[in-house]
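Participant: Using the hints, build the complex out of the two chains.
Read off the chains here:
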Amino acid sequence: MNTNEHGSSKWQAFRRFETLLAFVLLLEILIFSKTGVNFATRGNMFEVLRLSTEIGLLALVMTPIILTGGIDLSVGSMLGLCAVLFGKMWRDAGLPIPLALACTLVIGAAGGGLNALLITRLNLPPLIVTLGSFSLFRGLAEALTRGVDNFTNFPKTYLFLGQGYLFGGVPAQLPVFALVVIGVWLLVHRTILGRSFRALGFSAEGARYAGIPVKKRLAQVYILSGIISALAALIYVARVGQAKSDAGTGYELLAITAVVLGGASIFGGTGTIHGTLLGVLVLAVLKIGLTLSDQPSELAGILTGGLLLAVLASEALLKKLSARRARASQASVRVLT
Amino acid sequence: MAGEQVSSFVFRHSRRHLTRHFREWSVALALGLLLLMLAVLAAGFFQRNQLLSICSTAVPVLLVACGIALVIISRQIDISVGSQFAVCSVLLGLLVQAHWPMPLAGLAAIIAGAFCGAFNGALIAGLGLPSIVVTLATMVTWREGLRWWRQGEFVRDLPESFQWFGLGQAGGQTAVLATTVALFLLLVFGMKHISAGRFVYAVGSDTEAARLAGIRPPLVTFGVFVVTGTLTGLAALLNAVRFADVDPRTGTGLELQAIAAAVVGGVAISGGRGNLWGVLAGVLLLACIAPALVFLKLPPQWEKALQGCIILLAVAADGWRSVRRKH
Numbered sequence: 001m002n003t004n005e006h007g008s009s010k011w012q013a014f015r016r017f018e019t020l021l022a023f024v025l026l027l028e029i030l031i032f033s034k035t036g037v038n039f040a041t042r043g044n045m046f047e048v049l050r051l052s053t054e055i056g057l058l059a060l061v062m063t064p065i066i067l068t069g070g071i072d073l074s075v076g077s078m079l080g081l082c083a084v085l086f087g088k089m090w091r092d093a094g095l096p097i098p099l100a101l102a103c104t105l106v107i108g109a110a111g112g113g114l115n116a117l118l119i120t121r122l123n124l125p126p127l128i129v130t131l132g133s134f135s136l137f138r139g140l141a142e143a144l145t146r147g148v149d150n151f152t153n154f155p156k157t158y159l160f161l162g163q164g165y166l167f168g169g170v171p172a173q174l175p176v177f178a179l180v181v182i183g184v185w186l187l188v189h190r191t192i193l194g195r196s197f198r199a200l201g202f203s204a205e206g207a208r209y210a211g212i213p214v215k216k217r218l219a220q221v222y223i224l225s226g227i228i229s230a231l232a233a234l235i236y237v238a239r240v241g242q243a244k245s246d247a248g249t250g251y252e253l254l255a256i257t258a259v260v261l262g263g264a265s266i267f268g269g270t271g272t273i274h275g276t277l278l279g280v281l282v283l284a285v286l287k288i289g290l291t292l293s294d295q296p297s298e299l300a301g302i303l304t305g306g307l308l309l310a311v312l313a314s315e316a317l318l319k320k321l322s323a324r325r326a327r328a329s330q331a332s333v334r335v336l337t
Numbered sequence: 338m339a340g341e342q343v344s345s346f347v348f349r350h351s352r353r354h355l356t357r358h359f360r361e362w363s364v365a366l367a368l369g370l371l372l373l374m375l376a377v378l379a380a381g382f383f384q385r386n387q388l389l390s391i392c393s394t395a396v397p398v399l400l401v402a403c404g405i406a407l408v409i410i411s412r413q414i415d416i417s418v419g420s421q422f423a424v425c426s427v428l429l430g431l432l433v434q435a436h437w438p439m440p441l442a443g444l445a446a447i448i449a450g451a452f453c454g455a456f457n458g459a460l461i462a463g464l465g466l467p468s469i470v471v472t473l474a475t476m477v478t479w480r481e482g483l484r485w486w487r488q489g490e491f492v493r494d495l496p497e498s499f500q501w502f503g504l505g506q507a508g509g510q511t512a513v514l515a516t517t518v519a520l521f522l523l524l525v526f527g528m529k530h531i532s533a534g535r536f537v538y539a540v541g542s543d544t545e546a547a548r549l550a551g552i553r554p555p556l557v558t559f560g561v562f563v564v565t566g567t568l569t570g571l572a573a574l575l576n577a578v579r580f581a582d583v584d585p586r587t588g589t590g591l592e593l594q595a596i597a598a599a600v601v602g603g604v605a606i607s608g609g610r611g612n613l614w615g616v617l618a619g620v621l622l623l624a625c626i627a628p629a630l631v632f633l634k635l636p637p638q639w640e641k642a643l644q645g646c647i648i649l650l651a652v653a654a655d656g657w658r659s660v661r662r663k664h
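If you're matching them up, the sequences are chains A and B in order.
When we follow the working numbering, the leftmost residue of the first sequence carries the number 1, and every step to the right adds one.
When we follow the working numbering, the leftmost residue of the second sequence carries the number 338, and every step to the right adds one.
Bound conformation, chain B alone (with noise of 0.2 Å):
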């Protein structure tokens, strides 16, 4: 009796986690059902160093797309984190290149990430400027100032301690994983648990109905905008230690990546819904699409063509699913 009760507890606990996070497995079963075509038809994909160096380079844009989905559930989008992403790049370059201890130098990029995202945040949350725009506008800012700067040179004769923080590259991909797999868990609690997170949602849902219950939404745009620039400063850091050098095209194309990542994990456009779980999932999907080809001998060219196909089809399957709901 008592355990007939329990499991039909547990089923319907289970059915109503499926129903509400629909998409977050359908993704998660798109993957799994890549990888499995992937296991049969070629089993050299899962070598070690193959999955090694997806997940490190899967990584910053699990970092980005985190912060973007931030933003994207406080209902704002944010486009200059690509230019973020390589301000921060060089100038953790150029400080290591000048001497400055590796940490110190890792903690200063990551700052100049937080004050470009503090920066968007003051126009947006300050003045209430349409977000889309000022990123815009910062995106190509950043972009052009650093090519003005740099003229499109190249970082180079970096100390030994750069690449890979100086573990070798085994100890340092596991660094890089290990700080990201912390830090994703973290987010994904505090999303959930903390109330900071709570007010990105209430936010996102229902701006006026959130100020009524006593959030100060321009606060939490704010914040959102910092944290985004944050976390992209660490991808930035976490990115720039994999190479020798650092290339001062780095980022071009990777908030529109972040975006697409976000959204194919579910995270919908008009605010207030979405997990961490579905992004990870999109991000890990995405990021398969390209050695996926290349071990089933198919022509690399169609990746993006591809990735375009699985975004319309995420996101058709989602209004698909709510116009049959209305009816």
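Only chain A is shown next, with the shape it has when bound in the complex (with noise of 0.2 Å):
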């Protein structure tokens, strides 16, 4: 009975962090569509999702990583690495195209799988790890560029993955994302892993207790958000046109902020899918609407630190206040009793 109360009160909590989100993104859409040329068209709605995608591919992967308690700060660098070795693959190496892809993947899960092994067979932090492999990958695509190489030219066939649309308007890239969601929201929230994840997050030596394989749930984490990058970074060499080293710089930054703003704790255990998703939405409403309205795009930059840190501390002052009256309840019942 006290379990269920508790755990009925955390997902109403959560729902209200999420409905509070959504309302912000209904906001900055209300005025944008007042403010902003060209804003509220069906097309617009379409380009903030096509420019959105990559940083969102990252985030929705990020998510689990966050659940686990641990986070990936070579995902950028890994999707500058993969572009540019797909690049050099297609170019250099002279593969076609489908086996470029498919090798380009591979290499996604095996930097992820470099960052995998020394998370969990050394026990050391993520964050450490991923540091190291964040200037580790980015120097081995500067390194194989001599940071200045460029691949460009690539086939049209492959570029609609980027540039094309499909029947009049919907963007080529949408439905690989949309699949990219769904797979990920059905791991996270429909399945065991998914739950294991988040009890990684909470307690990994509580997980480890109850039979939980917690080195293999790390890796499998890790290892996915190889692939996931690998797979921005087609998408995000088909949409620009062009692999260059310093591809997806600082990607890793908006896809963590994305994932915290969408409700996540940093610390572990919490947070879903559609809040990330609905924290990546509200991040490319912002900056597109502010473009199309005609202001500074630094503006969007200083209103998502501050959305971000009022977000925060208004939890936290919450959580505090309701803490501070829990305190106070209790102490009525024991002068009533």
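Just so you know, not all the hints are guaranteed correct.
Derived Cβ-Cβ restraints for the label pairs, each shown as a range [said to hold, decoys possible]:
hint, chain 1, residue 1, chain 2, residue 2, range
1, B, G463, A, S293, 42 to 50 Å
2, A, P155, B, H358, 35 to 43 Å
3, A, I97, B, G463, 48 to 56 Å
4, B, D582, A, L186, 49 to 57 Å
5, B, H358, A, T249, 34 to 42 Å
6, A, F23, B, F359, 52 to 60 Å
7, A, V148, B, Q387, 21 to 29 Å
8, A, F23, B, L522, 50 to 58 Å
9, A, T19, B, F359, 47 to 55 Å
10, A, F23, B, A546, 37 to 45 Å
11, B, Q387, A, L253, 57 to 65 Å
12, B, K529, A, S322, 41 to 49 Å
13, A, S332, B, F359, 54 to 62 Å
14, B, L366, A, K215, 51 to 59 Å
No wet-lab data here; the hints were simulated from the structure.
Note that beta-carbon positions come from the ideal geometry of N, C-alpha and C, so glycine has one too.
Facilitator: Right, here's the structure in full:
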């Protein structure tokens, strides 16, 4: 009875949080459709989704990692390395595009595997391991291209993945993105694996006692992160039409921002995929809306930081307040009895 | 007899010192080997000017890394130092441009750093928010705010008294290095022998135990962030005087450089462990890579990849030692 009550109140708190975020998104859309030129059109809505696909993919896969109480700083560098290697395999090694695509995904898995190996076999903190691979992957991308090489002139059929439109208006990468969203949502919210990520984040030791193969689960999320980063790299290259070593610089921080804004606790255990998705959309709409409203793009960054702090601070204050109220009501019960 | 006792005491003591500071010594050894290799293969590396320029490039990273080391020892993290660094640099440039005397402008830059640190500290210690998220937010806010304000414009036309404090390159470099060495020694002494320094270790090892011992952990955390901000402001000052104008994009990626140097130098991310000598060795090792590549006639694009390898190797060695000890 008691645990049940606790669980439902927790669930309500999160429902409230995500409703708040949805409200912020709605407010943004309302404001920008007044101030922005061509903001409230169907084409622009698709454009918002088209431009946020890569960050969205990284944020989606960052969510299970943060659920386990970990973090992956290497996703942006992984994107850069995969982009460069994809270009190299296609242009210099002469691989056909489908084979190069498959190889890039395998390379992503291998990069994630390196992180997983160090984190699980040597019990190292993910923050530091992925900080190291953040440097390593970006450094390899720079070394392979000597910092200047740029791969362009990809075939039209491949570029369609990032620049084409299906059925007059739907960007070609949207179905891929939707597929990953559904896949990750099911994984996190409807499978035993997803539950074990959460259990890990609450208490790794407790999860181990409950019979969850902790190391195997951790390795799985980091390898998944590598694969999805590689997928994001492929979509990025197709959208931009070129692969340079600086592709995806700073994307890791944007992805983490979206996840935290979406209500996930950075200490692990709590967070949802739909929250993350809302976080991504809030950031993307803010950025594009400001551009279309002829406002400086720097404002988006400032507002993002401010929003993040405001959300966190209000949550912490509410928690403090409710703890005080609980203590007060406990005291009054004691007085009555 | 007495001599034997003394020598066995020295032996035991030095052995304990070596096992306890294994990480610091192994980084120092790696640095020594790199320097030895350079001495054999490219003696040109050891010219006075070359060494001075490497050292004065490493000064800002060292100061920031010392601050970061304190933050990590107290089991927090700060990724906003790069943006703080840029804010302080630009502020310094603008104040000097507005004909403030150099010492006053420098002081203002340092105080600005302290305020940035205090802002982080208030949110983290006061509200109990996670430091990585708070500093992520302030990192983005300061950086973008600066870009909005300055539109990427350099601060130019600075008076003669700005570059190298008007002392000329040789005198300026000496002044910068002397300040840094003095401050570094002061910090090393403080962390070992002043109670505030020990509080940082206590809070990082076990916050609850520290509280029961009569330490106020939030106050220590707040103080650590203020010190880090102050050191960042000072680093910005000592870095800005090397140039004739101020680039508003300065300090991008500095936070990760500093964290990497601290971690390579043996500061444990789980808190409570590490010392500043190790941080010094880490900073110097990472700072020597780029010039070493040039002198060994290797492609300089490999710098970042090598740095990543060093970070991973250093932490992997740590992990391997602790895993082996457990079995």
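Participant: Run every hint past the structure and note whether it holds.
Facilitator: Cross-check of the supplied hints:
Between B/G463 and A/S293 the Cβ separation comes to about 35 Å, which falls outside the hinted range of 42 to 50 Å. Between A/P155 and B/H358 the C-beta distance comes to about 57 Å, which lies outside the given range of 35 to 43 Å. Between A/I97 and B/G463 the beta carbon distance is about 54 Å. The supplied range of 48 to 56 Å therefore holds. B/D582 and A/L186 have their C-beta atoms about 55 Å apart, which keeps the hinted 49 to 57 Å range intact.
Take B/H358 and A/T249: their Cβ atoms lie about 37 Å apart, and the range 34 to 42 Å holds. Between A/F23 and B/F359 the C-beta distance comes to about 54 Å, which sits within the given range of 52 to 60 Å. Distance hint check for A/V148 and B/Q387: the Cβ-Cβ separation is about 26 Å, which falls inside the suggested range of 21 to 29 Å. Distance hint check for A/F23 and B/L522: the Cβ-Cβ separation is about 55 Å, which falls inside the suggested range of 50 to 58 Å.
For the pair A/T19 and B/F359, the beta carbons lie near 53 Å from each other, so the given range of 47 to 55 Å is met. At roughly 43 Å, the beta carbons of A/F23 and B/A546 sit within the given window of 37 to 45 Å. Range check, B/Q387 to A/L253: about 35 Å between beta-carbon atoms, so the 57 to 65 Å window is missed. One distance hint, 41 to 49 Å for the beta-carbon pair B/K529 and A/S322, holds here, with the actual separation near 43 Å.
Between A/S332 and B/F359 the Cβ separation comes to about 57 Å, which falls inside the hinted range of 54 to 62 Å. Our hint of 51 to 59 Å for B/L366 and A/K215 is violated, since their Cβ atoms are close to 32 Å apart.
Of the numbered hints stated above, those contradicted by the structure are hints 1, 2, 11, 14, listed in ascending order.
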